[in-house]
Amino acid sequence: MAIFYILLLFILIAAVIAVETNDLLSSVICVGAIGFSGSLMFLFMQAPDIAITQIVVEVLGLIILIRATISRDLTFISGDREFFGVVVSVVILFAIFLAGQTVLRTLPDFGTPAFVAAAQNCDLPAPAAQTYIAEGMQKTGAANLVSAVILDFRAYDTLGEATVLFTSIIGATVILRKDSRRLGEEINE
Amino acid sequence: MEQKQRNSNVAQKEKISNGVKGMTIIVKTIGSWAKVLIFLFGIYIVLFGHLTPGGGFAGGVMIASAYVLLMLAFGGEFVKQNLSPSLALKLACAGTLAFAAIAVAGFFYGPDGFFWNFIGQEWLAGESSNLHFINAGIIMLAELAVGVIVAAAIFLVIFTFSTFKFDVSDNQKE
Amino acid sequence: MPYALCFLLFVIGLYCVLVKKNMVKIVIGILVMEYAVNLFLIMLGYRTGGAAPIIDKTCLEPGTGQITASFISTSVDPLPQALVLTAIVISLGSLALIISICVRTYEKYGTFDITKIRRLKG
Numbered sequence: 000m001a002i003f004y005i006l007l008l009f010i011l012i013a014a015v016i017a018v019e020t021n022d023l024l025s026s027v028i029c030v031g032a033i034g035f036s037g038s039l040m041f042l043f044m045q046a047p048d049i050a051i052t053q054i055v056v057e058v059l060g061l062i063i064l065i066r067a068t069i070s071r072d073l074t075f076i077s078g079d080r081e082f083f084g085v086v087v088s089v090v091i092l093f094a095i096f097l098a099g100q101t102v103l104r105t106l107p108d109f110g111t112p113a114f115v116a117a118a119q120n121c122d123l124p125a126p127a128a129q130t131y132i133a134e135g136m137q138k139t140g141a142a143n144l145v146s147a148v149i150l151d152f153r154a155y156d157t158l159g160e161a162t163v164l165f166t167s168i169i170g171a172t173v174i175l176r177k178d179s180r181r182l183g184e185e186i187n188e
Numbered sequence: 000m001e002q003k004q005r006n007s008n009v010a011q012k013e014k015i016s017n018g019v020k021g022m023t024i025i026v027k028t029i030g031s032w033a034k035v036l037i038f039l040f041g042i043y044i045v046l047f048g049h050l051t052p053g054g055g056f057a058g059g060v061m062i063a064s065a066y067v068l069l070m071l072a073f074g075g076e077f078v079k080q081n082l083s084p085s086l087a088l089k090l091a092c093a094g095t096l097a098f099a100a101i102a103v104a105g106f107f108y109g110p111d112g113f114f115w116n117f118i119g120q121e122w123l124a125g126e127s128s129n130l131h132f133i134n135a136g137i138i139m140l141a142e143l144a145v146g147v148i149v150a151a152a153i154f155l156v157i158f159t160f161s162t163f164k165f166d167v168s169d170n171q172k173e
Numbered sequence: 000m001p002y003a004l005c006f007l008l009f010v011i012g013l014y015c016v017l018v019k020k021n022m023v024k025i026v027i028g029i030l031v032m033e034y035a036v037n038l039f040l041i042m043l044g045y046r047t048g049g050a051a052p053i054i055d056k057t058c059l060e061p062g063t064g065q066i067t068a069s070f071i072s073t074s075v076d077p078l079p080q081a082l083v084l085t086a087i088v089i090s091l092g093s094l095a096l097i098i099s100i101c102v103r104t105y106e107k108y109g110t111f112d113i114t115k116i117r118r119l120k121g
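Chains as they are written, first to last, in numbering that gives the first Met the number 0: chain A, 0 to 188; chain B, 0 to 173; chain C, 0 to 121.
Since the hints were made in silico from the structure, they are not lab data. Errors might be hidden in some of the hints.
Unchecked claim - With a straight-line Cα cutoff of 20 Å, these simulated PhoX-like cross-link-like pairs (lysine-lysine) come out:
1. K107/C x K20/C
2. K164/B x K107/C
3. K89/B x K27/B
4. K89/B x K79/B
5. K34/B x K20/B
6. K107/C x K138/A
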């Protein structure tokens, strides 16, 4: 359990640096540090699928961020908005944090799975996760239970995810097309 | 007057960088060997997604990373001449259609057969069987379709970002 | 206690979106919020001393081939992991879309500062 606190502290320090520093390259590097320690946390929380996906996706996200921002010759725009807006935002965020604390205290302790404990408290016959583990391999034939869940039991969500990914990539490609005509040319011609 | 202004505009556009520049010859040599290994590892992660951790999403992003290495090491000009984004677009569309076809093909097996696992599965019974490669029904086909979709989509995004020509001089008010 | 630290990470990302002026800083704030949400969902399914939800020969009973009861009671929850797996890949797609909009806006106005973009017209 101590490793979780160490990694969470590292993530929080990196997040504060990423938010507050004036140099864009340093904040992008700190975002990379957050992603890497997040992947380590997933590994220690016994989720190897998620750890592999997080580290690979975070590397590509860093490449996109650096390509879009660093290779321009920018003069640095830094600083916050006007002072009154900052004070009101901080007060409201503090109130949100305290409200979240009262909600998070009603969850079961860190260490018992929250969905399984909730189903057992409500006297349901079996939580869905227990059914998937007990009968997953028998019904689907796959040894990796996470793949069995996302591609057989909950395959509709994966269809939705493929559609969303496809649409957002098409949108990004269309926006950055280089031979798009400007409006002035079409009106003049 | 018009011709001179147009010439100066063209000269100013060429000074601005034409996509990503390439890197030194050491990076190019090692990159052209390493991309084969990355591609092979990505295919392994996609194919064995129902037995070991990984699956279609992580494997697809790894396959795209092989092309990302190629694009970053060799620069925007080489990539624009040799790699084709239209093929990647067609592969992404084909992958999405294949996934939807696998889903709809379950309708032949009954009225509530959306995403029905219609290929036969074997599971471990007794002591002497081992975990076969082809024993998971439609999971392997769906994993291949998801891998193709994710690889083609991520390749398309990085291709657009690395051959993007950035010109400010057109639209800004003087 | 780890839930509170994860929520603090989310609030830090929200502060970055509300307060900063640079467009790329706002995108970094959105990215930090997405990391916090994924971390929180995996934390909900963790069991202390648990095992990964992958079946091998040691989890099966030797005679009939059923899953042993000890594996069911000591494995972590596979359901939040399945949800987070697709969420991570979707965050990459939405990051590409947001950054392409930022790049186009920089081309049109010449600056990443959002207060100046409000004052320039067309």
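These are the hints, each one checked on the structure:
1. With a CA separation close to 18 Å, the supplied pair K107/C and K20/C stays within the 20 Å bound.
2. Proximity of K164/B to K107/C is assessed by CA-CA distance (about 14 Å); at most 20 Å being required, the pair is judged to hold.
3. Taking the CA atoms of K89/B and K27/B, the gap is about 28 Å. The hint is violated against a cut of 20 Å.
4. Restraint check: the Cα-Cα separation between K89/B and K79/B comes to about 17 Å, which is no more than 20 Å; the hinted pair holds.
5. Among the hinted pairs, K34/B with K20/B is consistent with the structure: their alpha-carbon atoms are about 19 Å apart, no more than 20 Å.
6. Note on K107/C and K138/A: the hinted pairing is violated, with a Cα-Cα distance of about 56 Å set against a maximum of 20 Å.
In summary, the numbered hints that this structure violates are 3, 6.
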